[in-house]
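Modelling step: build the complete structure from the supplied sequences, incorporating the hints.
Residue numbers (full-length UniProt numbering), protein chains in the order written: chain A, 1 to 266; chain B, 1 to 300.
By construction, these hints were calculated from the structure, which means they are not laboratory data. Certain hints may be false.
As the list claims (entries may be wrong) - Residues of chain B clear of chain A, computed beta-carbon distances all greater than 12 Å:
#, residue
1, E16
2, I28
3, P152
4, G207
5, S227
6, K257
Unchecked claim - Just the calculated beta-carbon pair ranges, DEER-fashion:
#, chain 1, residue 1, chain 2, residue 2, range
7, A, S243, B, N130, 44 to 50 Å
8, B, P10, A, R92, 25 to 31 Å
9, A, L50, B, E189, 30 to 36 Å
10, B, M280, A, S112, 36 to 42 Å
11, A, L50, B, D72, 40 to 46 Å
12, A, Q250, B, R143, 42 to 48 Å
13, B, L78, A, D64, 53 to 59 Å
14, A, A19, B, N130, 50 to 56 Å
15, B, W75, A, R92, 52 to 58 Å
16, B, R214, A, R178, 38 to 44 Å
The structure displayed is predicted, hence computed values, not measured ones. Backbone N, C-alpha and C fix where the C-beta goes; we use that ideal spot for every residue, glycine too.
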Amino acid sequence: MLEIEGLTRRFGAKTAVDAVSLSVPAGQMVGVIGRSGAGKSTMLRMLNRLTDPTEGRIVFDGTDVTALRGRALRDWRMRCAMVFQQFNLVQRLDVLTNVLVGRLNRRPMLSSLLRMFTAEERAMALAALDRFDLAETALQRADTLSGGQQQRVAIARALLQEPSIILADEPIASLDPRNSRIVMEALRGVNREGITVLVNLHDLATARDYCDRIVALNAGRLVFDGPPDDLTAIRIREIYGVSEEEFAAQAAEAVGATPRLAAAVA
Amino acid sequence: MSAAYATGLPAVIRGEEAYQAARRQKRIQALLGCAVLFACLLAAAWVSEAYPATLWAGLPRIGEYFVRITPDLRWATLFAGSETEGSIAFWMYRLPEWSLLILETANMAAVATLMGSAVALLLAFPAARNITPSPLAFHLARRTLEAMRTIPEIVYALIFVWAFGIGPLAGILAIALHSAGANGKLFAEAIENADLKAWEGVQSAGGSWMHGCRYAVLPQVLPNIISYLLLRFEVNIRSASVIGFVGAGGVGEELYKVISFNYYEEISAIVVLVIITVSMVDLLSERLRHAAIGRLEGTR
Numbered sequence: 001m002l003e004i005e006g007l008t009r010r011f012g013a014k015t016a017v018d019a020v021s022l023s024v025p026a027g028q029m030v031g032v033i034g035r036s037g038a039g040k041s042t043m044l045r046m047l048n049r050l051t052d053p054t055e056g057r058i059v060f061d062g063t064d065v066t067a068l069r070g071r072a073l074r075d076w077r078m079r080c081a082m083v084f085q086q087f088n089l090v091q092r093l094d095v096l097t098n099v100l101v102g103r104l105n106r107r108p109m110l111s112s113l114l115r116m117f118t119a120e121e122r123a124m125a126l127a128a129l130d131r132f133d134l135a136e137t138a139l140q141r142a143d144t145l146s147g148g149q150q151q152r153v154a155i156a157r158a159l160l161q162e163p164s165i166i167l168a169d170e171p172i173a174s175l176d177p178r179n180s181r182i183v184m185e186a187l188r189g190v191n192r193e194g195i196t197v198l199v200n201l202h203d204l205a206t207a208r209d210y211c212d213r214i215v216a217l218n219a220g221r222l223v224f225d226g227p228p229d230d231l232t233a234i235r236i237r238e239i240y241g242v243s244e245e246e247f248a249a250q251a252a253e254a255v256g257a258t259p260r261l262a263a264a265v266a
Numbered sequence: 001m002s003a004a005y006a007t008g009l010p011a012v013i014r015g016e017e018a019y020q021a022a023r024r025q026k027r028i029q030a031l032l033g034c035a036v037l038f039a040c041l042l043a044a045a046w047v048s049e050a051y052p053a054t055l056w057a058g059l060p061r062i063g064e065y066f067v068r069i070t071p072d073l074r075w076a077t078l079f080a081g082s083e084t085e086g087s088i089a090f091w092m093y094r095l096p097e098w099s100l101l102i103l104e105t106a107n108m109a110a111v112a113t114l115m116g117s118a119v120a121l122l123l124a125f126p127a128a129r130n131i132t133p134s135p136l137a138f139h140l141a142r143r144t145l146e147a148m149r150t151i152p153e154i155v156y157a158l159i160f161v162w163a164f165g166i167g168p169l170a171g172i173l174a175i176a177l178h179s180a181g182a183n184g185k186l187f188a189e190a191i192e193n194a195d196l197k198a199w200e201g202v203q204s205a206g207g208s209w210m211h212g213c214r215y216a217v218l219p220q221v222l223p224n225i226i227s228y229l230l231l232r233f234e235v236n237i238r239s240a241s242v243i244g245f246v247g248a249g250g251v252g253e254e255l256y257k258v259i260s261f262n263y264y265e266e267i268s269a270i271v272v273l274v275i276i277t278v279s280m281v282d283l284l285s286e287r288l289r290h291a292a293i294g295r296l297e298g299t300r
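This is how it looks when you write it as structure tokens:
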């Protein structure tokens with residue numbers, strides 16, 4: 001159970017996330033939607049503690065995550081894996097090593113600096129790659145892969161962390177529709193195995209297709225929280241003051257993606 | 001390897017086998033490389049007579065020299081006038097002259113760095129393998145840079161002192177020439193690491209080779225170039241303080257004199273002043289670099 005209590009982050013005079021409270025039971029797949037600057041990214045980054053909150057608390061299974069430091073903080077980060085819009089792989093390292101980065105936190109310092117991993121860990125990494133049809137690319141450099149392949153490598157890296165939660169920040173905004181589907185299905189598959197998934201999405205239709213629950217942010221505030229069926233076109237207009245098509249176009253523009261709905265309409 | 005077989009997945013087993021093969025090959029290469037390196041090291045030590053015994057015997061003498069040049073400072077009279085033995089003022093009794101000489105040295109280094117780096121920047125673009133206009137230009141630029149940096153500054157300084165007479169001009173030219181060669185190589189390598197997508201963008205819009213250099217490459221490599229430039233400035237202060245040994249200006253002539261006459265305390269005084277100057281330049285260049293890079297990011 002992940003509990004967020006009054007989470008707030010200010011950058012100077014600007015409030016990116018404004019007193020958000022949320023409670024996510026284990027195993028749920030939550031889609032976070034909102035326009036540019038709504039605070040989606042900041043919220044996800046605060047959960048991993050890449051950004052520190054100004055106010056509020058994050059509690060996971062009774063542990064106050066906001067107070068963690070050093071070793072305990074790194075252990076928490078291992079348990080809530082991040083997947084980024086731009087994949088954030090080490091381009092100059094091979095795919096296998098990129099996936100094994102997910103094990104670093106469990107390895108002794110010296111052997112990890114020498115890039116020494118156990119045979120079991122390599123087998124895990126290869127199996128994770130095989131699951132996404134990438135086992136054959138294991139010894140290639142990451143920058144030889146396409147965007148969709150790289151994002152699947154990033155998910156494999158996340159799985160090697162054996163996380164309780166996966167935080168995916170716009171994982172498909174830089175991908176074409178086919179790869180978007182593959183990546184979303186990969187996340188959904190991982191979720192079915194019991195991992196909680198929080199995914200920031202710019203696309204409402206994707207959020208409806210894949211998520212159990214949708215959370216909407218506007219200007220840092222929580223403005224909707226419920227099952228996908230409740231987020232009707234009328235609710236969208238109530239919340240954001242624009243039609244669903246306009247919302248899709250604005251949200252997509254913010255992350256540099258092709259809006260799925262608008263493209264379909266055109 | 002058993003872990004991979006235990007999974008029973010053919011792709012995993014194939015992957016593990018490929019990994020093992022790649023690792024074997026890498027290890028053999030690394031071992032061979034180490035053996036060759038060690039052999040070269042031994043040969044180099046033998047040829048240059050760098051025997052451990054000589055090193056061991058000479059070590060205490062280095063310490064002895066440092067003891068000799070250590071100034072005689074006494075706590076009671078530390079801040080007394082320059083007439084009292086044991087005071088800082090007594091140790092630094094020629095501070096005004098030395099300061100002036102060090103100022104001259106720093107100025108020589110600054111002018112030489114700017115002149116040399118300007119030449120380096122011009123030659124770096126043809127000397128970068130990824131964007132060079134032709135193999136001929138590449139080799140011409142690379143060989144010119146090599147010639148400029150392999151001839152020691154002191155040799156250049158001797159030539160220029162002979163041509164232009166004793167004074168800072170000879171030193172400035174000598175250091176500038178060496179800086180051009182050294183920085184040109186570093187700049188060219190920074191350019192070789194640049195991303196060429198922007199280059200293609202400029203070319204596709206009908207831009208010339210010069211346009212590509214100016215618009216696609218320079219903005220990318222500028223932060224690196226600024227770092228190298230400021231590092232070179234520090235290195236050049238050091239060079240400028242010894243180039244005076246051959247009459248090419250700066251504090252070097254004075255340093256040479258006090259070393260050859262065994263004025264031990266004056267040696268340490270000048271060395272301390274040079275160290276202070278280099279530290280100040282280091283602090284200043286750090287600020288300059290941050291300010292410059294900050295402005296670059298701002299205008300992006």
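Hint check:
no., hint, verdict
1, E16, "violated, 6 Å"
2, I28, "holds, 17 Å"
3, P152, "holds, 36 Å"
4, G207, "holds, 25 Å"
5, S227, "holds, 21 Å"
6, K257, "holds, 50 Å"
7, A:S243 to B:N130: 44 to 50 Å, "holds, 49 Å"
8, B:P10 to A:R92: 25 to 31 Å, "holds, 29 Å"
9, A:L50 to B:E189: 30 to 36 Å, "holds, 33 Å"
10, B:M280 to A:S112: 36 to 42 Å, "holds, 40 Å"
11, A:L50 to B:D72: 40 to 46 Å, "violated, 57 Å"
12, A:Q250 to B:R143: 42 to 48 Å, "violated, 57 Å"
13, B:L78 to A:D64: 53 to 59 Å, "holds, 55 Å"
14, A:A19 to B:N130: 50 to 56 Å, "holds, 51 Å"
15, B:W75 to A:R92: 52 to 58 Å, "holds, 56 Å"
16, B:R214 to A:R178: 38 to 44 Å, "holds, 39 Å"
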